[in-house]
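Trainee: One letter stands for each residue in the lines below.
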Amino acid sequence: MSDPDAFRAEARAWLEANCPPEMRAPVQSEEDVCWGGRNFKFKNPAQKAWLEACVAKGYTVPDWPVAYGGAGLTPAEAKIWREEMQRIGARPPLSSFGIWMLGPALLKFGTEEQKVHYLGQVARGEIRWCQGYSEPGSGSDLVSLQTFGEDKGDHWVVNGQKIWTSYADKADWIFCLVRTDKANKYQGISFLLFDMASPGVSTKPILLISGNSPFCETFFDNVSVPKEQLVGELNRGWDVAKYLLGHEREMISGAGGGDRMNTIGAILSRNGGVEDPLLRAELAMFDVDALAYGAMGEKFLDEVKVGKGHPAGSNMMKYAGTELNKRRHELLMAAGGSAALEWDSAASNGGSRARGWLRTKANSIEGGTSEVMLNVIAKRILDLPGA
Amino acid sequence: MPLYHNDDQAMLADSARGFMADEGAIAKQLRHFRDIACKDGFGHALWSQFAEMGFTGILVPEADGGLGMGHVEAGIVLEEIGRNLTPSPFLTSSVMAATALGAGGDDLRGRYLPGLLEGTSVYAVAIDEGPKHRPERIATSATRAGNGFKLSGTKSFVVQGASADMLVIAARTAGSDDDVDGITLFAVPKDAAGLSLDSVRLVDSAMAAHVKLDNVQLDADAVIGEVDGGRAVLNKVLSAGRVGAAAESVGVGMGAFDMTTTYLKQRKQFGKLIGEFQSLQHRAAHLYSELEIARAAVIKAQQLLDGGSDGPVSERAELMVSVAKAKAGQAAGLAVKEGVQMHGGIGMTDEYDIGLYMKRDRALAEFMGDQYYHAQRVAVLSGY
Chain A
1 MSDPDAFRAE ARAWLEANCP PEMRAPVQSE EDVCWGGRNF KFKNPAQKAW
51 LEACVAKGYT VPDWPVAYGG AGLTPAEAKI WREEMQRIGA RPPLSSFGIW
101 MLGPALLKFG TEEQKVHYLG QVARGEIRWC QGYSEPGSGS DLVSLQTFGE
151 DKGDHWVVNG QKIWTSYADK ADWIFCLVRT DKANKYQGIS FLLFDMASPG
201 VSTKPILLIS GNSPFCETFF DNVSVPKEQL VGELNRGWDV AKYLLGHERE
251 MISGAGGGDR MNTIGAILSR NGGVEDPLLR AELAMFDVDA LAYGAMGEKF
301 LDEVKVGKGH PAGSNMMKYA GTELNKRRHE LLMAAGGSAA LEWDSAASNG
351 GSRARGWLRT KANSIEGGTS EVMLNVIAKR ILDLPGA
Chain B
1001 MPLYHNDDQA MLADSARGFM ADEGAIAKQL RHFRDIACKD GFGHALWSQF
1051 AEMGFTGILV PEADGGLGMG HVEAGIVLEE IGRNLTPSPF LTSSVMAATA
1101 LGAGGDDLRG RYLPGLLEGT SVYAVAIDEG PKHRPERIAT SATRAGNGFK
1151 LSGTKSFVVQ GASADMLVIA ARTAGSDDDV DGITLFAVPK DAAGLSLDSV
1201 RLVDSAMAAH VKLDNVQLDA DAVIGEVDGG RAVLNKVLSA GRVGAAAESV
1251 GVGMGAFDMT TTYLKQRKQF GKLIGEFQSL QHRAAHLYSE LEIARAAVIK
1301 AQQLLDGGSD GPVSERAELM VSVAKAKAGQ AAGLAVKEGV QMHGGIGMTD
1351 EYDIGLYMKR DRALAEFMGD QYYHAQRVAV LSGY
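Chains as they are written, first to last, in our numbering: chain A, 1 to 387; chain B, 1001 to 1384.
No lab work stands behind these hints: they were computed from the structure.
Misleading hints may appear alongside valid ones.
Unchecked claim - Below are the SDA-like pairs computed for lysine to any residue, each with C-alpha atoms no more than 25 angstroms apart in a straight line:
| id | chain 1 | residue 1 | chain 2 | residue 2 |
| --- | --- | --- | --- | --- |
| 1 | A | 305 | B | 1010 |
| 2 | A | 326 | A | 277 |
| 3 | A | 379 | B | 1372 |
| 4 | A | 379 | B | 1008 |
| 5 | B | 1337 | A | 308 |
| 6 | A | 305 | B | 1277 |
| 7 | A | 108 | B | 1265 |
| 8 | A | 379 | B | 1273 |
| 9 | A | 379 | B | 1308 |
| 10 | A | 115 | A | 326 |
| 11 | B | 1268 | A | 57 |
| 12 | A | 308 | B | 1008 |
| 13 | A | 379 | B | 1337 |
| 14 | A | 185 | A | 212 |
| 15 | A | 379 | B | 1006 |
| 16 | A | 204 | A | 308 |
| 17 | A | 326 | B | 1265 |
| 18 | A | 379 | B | 1270 |
| 19 | A | 308 | B | 1013 |
| 20 | A | 242 | B | 1273 |
If you're wondering where the values come from, they're calculated on a predicted model, not measured in any experiment.
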């Protein structure tokens, strides 16, 4: 790699010159997140400028190869890059399931043509992706999924239903698990990519307890999917799915978010103080866990980059990270008192704290429940009998 | 710097693991010295072997004949000590006293470091003055007298104090009890007139002393570092002791955890291995996760301490040291409690080692501040 100090100086100078001041403030709500895609409306010119500057340098996906729209950074450089971003509080220029989930799967399983085409679109923020995994009858037991693709020679005809499809109503394309062999449970699933604008695709948002609808039901009615849109081998989509789930778990676990971002005691005490000594004690105990978990996230990413970590490590990260985040939001509610209960007032920013709190209850369900994570740790890491 | 061991550190871990599992094993060391009611609570022969392995000089600079390594390396040895519950003066002598002596002049280093490196001397550290760790408050006084100082006061929880050839003692040379400044560190020889020790056996079979200082006359050359300026050195000693104790705690937790998962794979009830029961699987998996997080916090703190200059401990390092001590205490505490419970009735017997882990964890949790002390410190360092 390049000289680390030189790279740090270069990264720092580039950020200084290119990251607009508005993009150095914490994300306050969903509206502040830049998702990209065909229909995305930028919230302000700074958000657009920040994305474009990063796209030009490959910094939306710093550690992807340059050929696929990345900056080709080494693991050590990417770590420095993250640290410099955190140092100035820079927001991610682009948030995307394409970056977090599809990208790693394509990098491992995609053809060269697929990588150049799809990864480039993801890196430039041109296409917004959603994930078609869960079905009404297949939650924790995902492999029992029934959505079926019938072989029609040069294409499949897909019929079925997905659920909990995040932002399906806003997504341009879907990566989807489809059964292509009914006789074989594990080796009868294929990983397909297709356009959400294809005839026969429809979505219906699901109203959640938070009052928001980040998830949809997604229906496929005779959707035609060309065969070149298969990733990996036919009927071996479960391998791709599991690999991708590892990355989804990393994403949900919040690893790499930086330890300081997760502590709350200091923030809460600045905003009016915490008078109750027992609550203060809870906050302090939480901050200990948050800082320790931040170190775990750093260690986990360091190990993943060099292939040192346990292959099932993301299950542990997901379990610990989501349980911690739920605790964090319980404390935010407790510290907020009655003000945190407000649901739609301007003062509460549209009830953002209460809605955020309710949203976190899904953290330990989506992408594999905490109970499933513990099962996997027991079986694959601890090698306990019959697990 | 990545948060895992580099190749040299991995080699050290291998050799420390093998050495401690053989020579520092529970039957050979802890149980043996406990059962003969040894007044030291540890074996001097093993301490010499530590020296032969080079462990005693890990934190001693190369210029003074040591290995000039850091807290990551010391922590590697401590984790194995924890895993085997090996009684030794390593933490007090080679980590804490060595850190204190590092701030001393040529004369002090020349007087005390060779014995440490050879494994012939044992040093203790006397900081606490009551049953809880509160080093912000130091009442033991050192007043100028003749060419030196006269020390008076009491110290408690001085681990291996009665076995020590020299005690590093924090005393007040100026200001009032709660002042940050006005602290001076002294290297007090065991035979100093007016120094008396009452040695007591602790729950984990370690020996600790209540120390009484009754006008102990010391020459000026007993001063470590600057008169009145000892707080910065004391903070270094505390950080070294805390992160070291945290590393040992992780070892204790891992040792208890390994024993327990092994037992879950052997013990049958209702015609099944008890490890097949999901209620136990989930608790074991949760415990694994807690121990891994604690270990990550510890290595982060070690690296921050090692990355600092020779100056005072950075605030960032202090914060993560407290996080490490608190988190390691929590995780190891959970490991020993779950360990005893999952062993069932035999977990309550002296014959099984799991109870020894519980005792050692309890003592380590107190040593250099428990999780409540350190969570409080995290709050203060975070500005609330």
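Trainee: Taking the earlier hints as the rules, which of them does this structure contradict?
Mentor: Numbers 3, 4, 5, 6, 7, 9, 10, 11, 14, 15, 16, 17 and 20 - these are the hints that the structure violates, sorted from lowest upward.
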